[in-house]
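Protein chains in written order, with our numbering: chain A, 1 to 282; chain B, 1 to 245.
Since the hints were derived computationally from the structure, they do not count as laboratory data. Keep in mind it's a predicted model, so treat the numbers as computed, not measured. Where is the CB? At the ideal position from N, CA and C, for every residue including glycine. Keep in mind that a hint or two might mislead.
[Said to hold, decoys possible] Residues from chain B shown here face chain A by an in silico Cβ test under 10 Å; the list is partial:
#1 GLY81
#2 PRO84
#3 LYS107
#4 LEU112
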Amino acid sequence: MDVIYNLIDTILPFDWTAYIFMKNALLAVLLITPLFGLVGTVVVSNHMSFFSDALGHCALTGIAVGVMIGIGNYMISMMGFALLFALCISAVLETGTSSADTVIGVFSATGMALGIVLLSAFGGFSKYSAYLVGDILTVQPAEIALLLGVLVVVLILWVFFYNSLLLTGLNEDLAAGKKIHVKFVSRLFSVIVAVIVTISIKWVGILIINSLLVLPAASARNVASSSRGYIGYSVLFSMIAGISGLILSYELGTSAGGTIVLVSAVLFFLSWLWGRCRRGVR
Amino acid sequence: MQEKSCRCSVEIRDLTVKKHDGVILDHINLSVHHAQILALIGRNGAGKSTLLKALLGRIPYEGNVTFQDHDGRVVEKPHIGYVPQQLAFDRSAPVTVCDLLCAGLQKRPVWLRPKRAMREKAASMLQIAGAREEILDRRLGRLSGGELQRVLLAFALEPMPDLLLLDEPVSAVDRKGIQQFYDLVTSMREEYHMPVILVSHDLSHVQKYATRVALLDRTILMEGDPDDVLRSEQVRDIFGLPVGL
Chain A
1 MDVIYNLIDT
11 ILPFDWTAYI
21 FMKNALLAVL
31 LITPLFGLVG
41 TVVVSNHMSF
51 FSDALGHCAL
61 TGIAVGVMIG
71 IGNYMISMMG
81 FALLFALCIS
91 AVLETGTSSA
101 DTVIGVFSAT
111 GMALGIVLLS
121 AFGGFSKYSA
131 YLVGDILTVQ
141 PAEIALLLGV
151 LVVVLILWVF
161 FYNSLLLTGL
171 NEDLAAGKKI
181 HVKFVSRLFS
191 VIVAVIVTIS
201 IKWVGILIIN
211 SLLVLPAASA
221 RNVASSSRGY
231 IGYSVLFSMI
241 AGISGLILSY
251 ELGTSAGGTI
261 VLVSAVLFFL
271 SWLWGRCRRG
281 VR
Chain B
1 MQEKSCRCSV
11 EIRDLTVKKH
21 DGVILDHINL
31 SVHHAQILAL
41 IGRNGAGKST
51 LLKALLGRIP
61 YEGNVTFQDH
71 DGRVVEKPHI
81 GYVPQQLAFD
91 RSAPVTVCDL
101 LCAGLQKRPV
111 WLRPKRAMRE
121 KAASMLQIAG
131 AREEILDRRL
141 GRLSGGELQR
151 VLLAFALEPM
161 PDLLLLDEPV
171 SAVDRKGIQQ
181 FYDLVTSMRE
191 EYHMPVILVS
201 HDLSHVQKYA
211 TRVALLDRTI
221 LMEGDPDDVL
231 RSEQVRDIFG
241 LPVGL
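Isolated chain B (complex conformation) (with noise of 0.2 Å):
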C-alpha cells in the first residue's frame, strides 16, 4: 500500500556541465522513481562520474534537478547516500569505522566519548548493512574491500536517502561478496521505496539488479528496460556481445 502511495522521485531536467576544454554532460533528462535502480552505462570517459558528482553538488552545471518525498512533496535539501567506487582516503588515518558513522549522525564531534545510544544506532546501522558488529572498533584502514563497501552502505543510508548513488560500489570486492551486496542493495530498494542510480561496467549485474538502464555518452543516448537497452545496437557496438547471448 506505502509502495503504490509513495511518490519520490528524482527528475533531472536539461543538466549540463561544461568546463574550459567543452561540454562534458549534454542535456542530460532522466527521471528515477520510488524504488527504481536506474543502471547508468557508458564507455569510460562518458560522464558517468561527471553526472554523479554534479549530483552531489560538487560541480555546477546549468539545468534542473527537482527531488520529490513521498507525498510528492519538493525536497529543497535532499540527503543523499553516496557508496564510492574505492574510496581514496589515507589508510592509516586514525579514524574508526564508529567514527565515521557517528559523524555522519550527529553534531557531537567524535572526539569526545559517543553517547550509549549513538554507539547503539551505529551498530544498528551496520546490521542493516549486513556487517558485524565487532568492526566498530576498528580501523577503516583495517578493513576488508566487502567490509569497507557495506560500512559505505550504512553510512549512507542514515538518514534515509532522497537518492542512492552507487559508483561501481563494488570493484574491491570478492565475487561472493558482490551478490550479498547487490542483493542487499535490492532489499534495501523493497522496504524503503528509495530511488537509485548505479553506476556499473559489469552488463551482467546491471541486467541481474537493475530496473532501467541509461546509456550515456556526453547525453542520454538511450533508456529503458534493461533488456531492451542491453540487447540494441549501440550497446553493443560500445561493449561488444549483448548480455546473455
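The following block holds chain A by itself, in its conformation from the complex (with noise of 0.2 Å):
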C-alpha cells in the first residue's frame, strides 16, 4: 500500500490526501464508482431499481443474522442473506402471480423490518445504525482489495455476458430465440447486484446506495444513444460524482456518501438539460 500511498502524495499533494483514511477512501471510490456506473446501465435498463433498493434494505436482516450466529464480520451473513433475498424474489417474479413492484415491495418491507426487529432484539439496534448512512472514511486496505477483486470480475462477466444482458433486458423471447439462457442471464445479473450492494453497504449506506447504482445510469440515459455511449457516460459521471464528491465532503466537512449523491443528482439535471438541448438542435 505505501507504494500507492506515495503515489498519491506524488500526482495530487493536496490537503485532502495528507490523511491515510482520505487515501483509502479515494481508493475505495475509484473501484466502487465504476462498478456501479457499469452495473447501474443494466439495473436501470431492466427496471430494476426498486429491486436493488430492496436487497439494500434486506442488508439489515443480515447483520442481525450475523448478530444473532455470532459471525464477527458482518458481511458474510449480510451476502448470504442478501443472495438468498435476491434469488427469492427472482423465483416469486417468474410465478407471474403479482407485478413485479407488488412483489419487491413486500420483500423490500419484510426485509428491512426483520432487521429492526431482529437487532432490536438480540443487539441493540442503535449500534448498528451506522449502517444506514455508512461511512467511506473507514474503508481499509484489505476491503479495497476485496472491492478491486469484485471490480474485476464484473469487468470479466461484462466482457462475456453483456449481450446476453442487453437482449435479455431488450425483449426475452428475441433474446431467447438467439439460445440465450434467459433465467440464468437474469439470475446471474440478480447475484451481481446482490454481492455489489452487500459489500459496498458499509461505506456508501442502506438509505443512499441506491442512489448510487441509478443516478449515473440515469443520467447518462439522457445523452447516450448507443450501448457503448451509455456504459462510458455512465461509468464517467460515476467517478466524476464520487471523486468530486469526496473532496467537496472533506472541504464542507459532510458525509461524503450523502455528498457524492448530491453531485450525482446535480449532474443529473444537467445531463437532462444537455439531452433536451441537443434533441432541441435536432
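Grab the two chains, each in its own frame, and use the hints to assemble them into the complex.
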C-alpha cells in the first residue's frame, strides 16, 4: 500500500490527500464508482432500481443474522442473506402471480422490518444504525483489495455476458431465439447486484446506496444514443460524482456518501438539460 | 436442385402445455418442411402465442420438437429466428440498430467499438432485409414501424435459422410496408428454404402468402392447403365469411 500512498502524494499533493483515511477513501471511490456505473446501466435498463433498493434494505436482516449466530464479519451473513433474498424475489417473480413492484415491495418491507426487529431484540438497533448512512472514510486496505477483486470479476462478466444482458433486457423472447438462457442471465445479474450492494453498504449506507447505482446510469441515458455511449457516460458520471463528492465532503465537513449522491443528482439535471438541448437542435 | 434435395424440417409431436388452471395446448402435431410457410390461425386465446413461446423454449412443455437440417440430420440446438408482433421494449433505451444486430452476431461486447467487418456484416444484413444502411446508428426507439420490423427480420435471419417464427409481424406497419414485408419473407423462403411459421389474424395475407394453414384451438382442428382450410366451415364459424367470397 505504501507505494500506492506515495504515488497519490506525488500525483495529488493536496491537503485532503495528506491523511491515510482519505487516501483509502479515494482508492475505494476509484473502484466503487466504475463498478456502480457499469452495473447501474443494466439496473436502469431492466427497470430493476426497486430491486436493488430492496437488496439494500435487506442488509439489516443480514447484519441481524450475523449478530444472532455470532459471526464477527457481518459481510458474510449480509452476503448470504442478500443472495437468498435476490433468488427468492427472482423465483417469486417468475411465477407471474403478482406484479414486480408488488413482489419486490413485499420483500423489501419484510427484509427491513425483520432486520429492525431482530437487531432490537438481540443486539441493540442503535449500535448498527451507522449502516444506514455508511462511512467511506472507514474503509481499510483489505476491503479495497476486495473491491478491486469484485471490479475485475464484474469487468470479466461484462465482457462475456453484456450482449446477453442487453438482449434479455430488450425482449426476453428475442433473446431466447438467440439461444440465450434467459433465466440464467437474469439470475446471474441478480447475484451481481446482491454482491455489489452488500460489499459497498458499509461505506455507502443503506439509505443512499441505490442512488449511486441509479443516478449515473439515468444521467447517461439522457445523453447517450448507443450502448457504448451509455456505459461510457455512466462510468464517467459516476467517477466524476465520486471524486468531486469526496473532495467536497472533506472541504465542507459533510458526509461523503450524501455529498456524492448530491453531486450525482446535479449531474443528472445537467445531463437532462443537455439531452433536451441536443434533441431541440435536431 | 438444392431445393429438391433439402430435407430441413420441424416436426412437432404431441406438444402439450399445462398451466395450473388447465391445459393450454393439447397434443399438437405439426410438420413444417423446408420452404413452407405454415400459417397458424385461430381465435384470440387459442394458444398461438403459447405455441411460439414453447418453440422458443420459454415455457415448459411435454412432447417432442425435432429439427432437421438440409441433409436430414437432427439439429440438437436449433437457431430460431423470431419476429414478434410489436417489440415490447423501452423506446428510450440507448440501443442502436448496430448494437442489436452485433449483439446477436458476436460474443464481443457491443460496448466496445465494433470491428469494421462486423459493421459491414450488420449493414449487409439490413440490406438483405430491405432496410437502408443509414439506420445502422439510429436508436431502435426512433425507427418507424416498418423499419423496426425489417431490423427484427434482419436480426432473425442471421445466423440462418432452422425455423423462422413470425408473430403477427406487420401489425404496426402500413399497407405498403405489409406487402413489402411479406414479399421479402416469400423471397427469403425461396432463396434459403427455411421452414416458416406465421401467426396472423389477417386471412387475406394467409391466403396470399402461406403454403399451408393450421387452425388451432387448444389443439390442431384442421391442417391443409390454404384454400381448403380457409373455406372450411370451422374457419367460417370462427372468422365469419371465408376469404375471397
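A quick look at each hint next to the structure:
no.	hint	result
1	GLY81	holds (6 Å)
2	PRO84	holds (6 Å)
3	LYS107	holds (7 Å)
4	LEU112	holds (7 Å)
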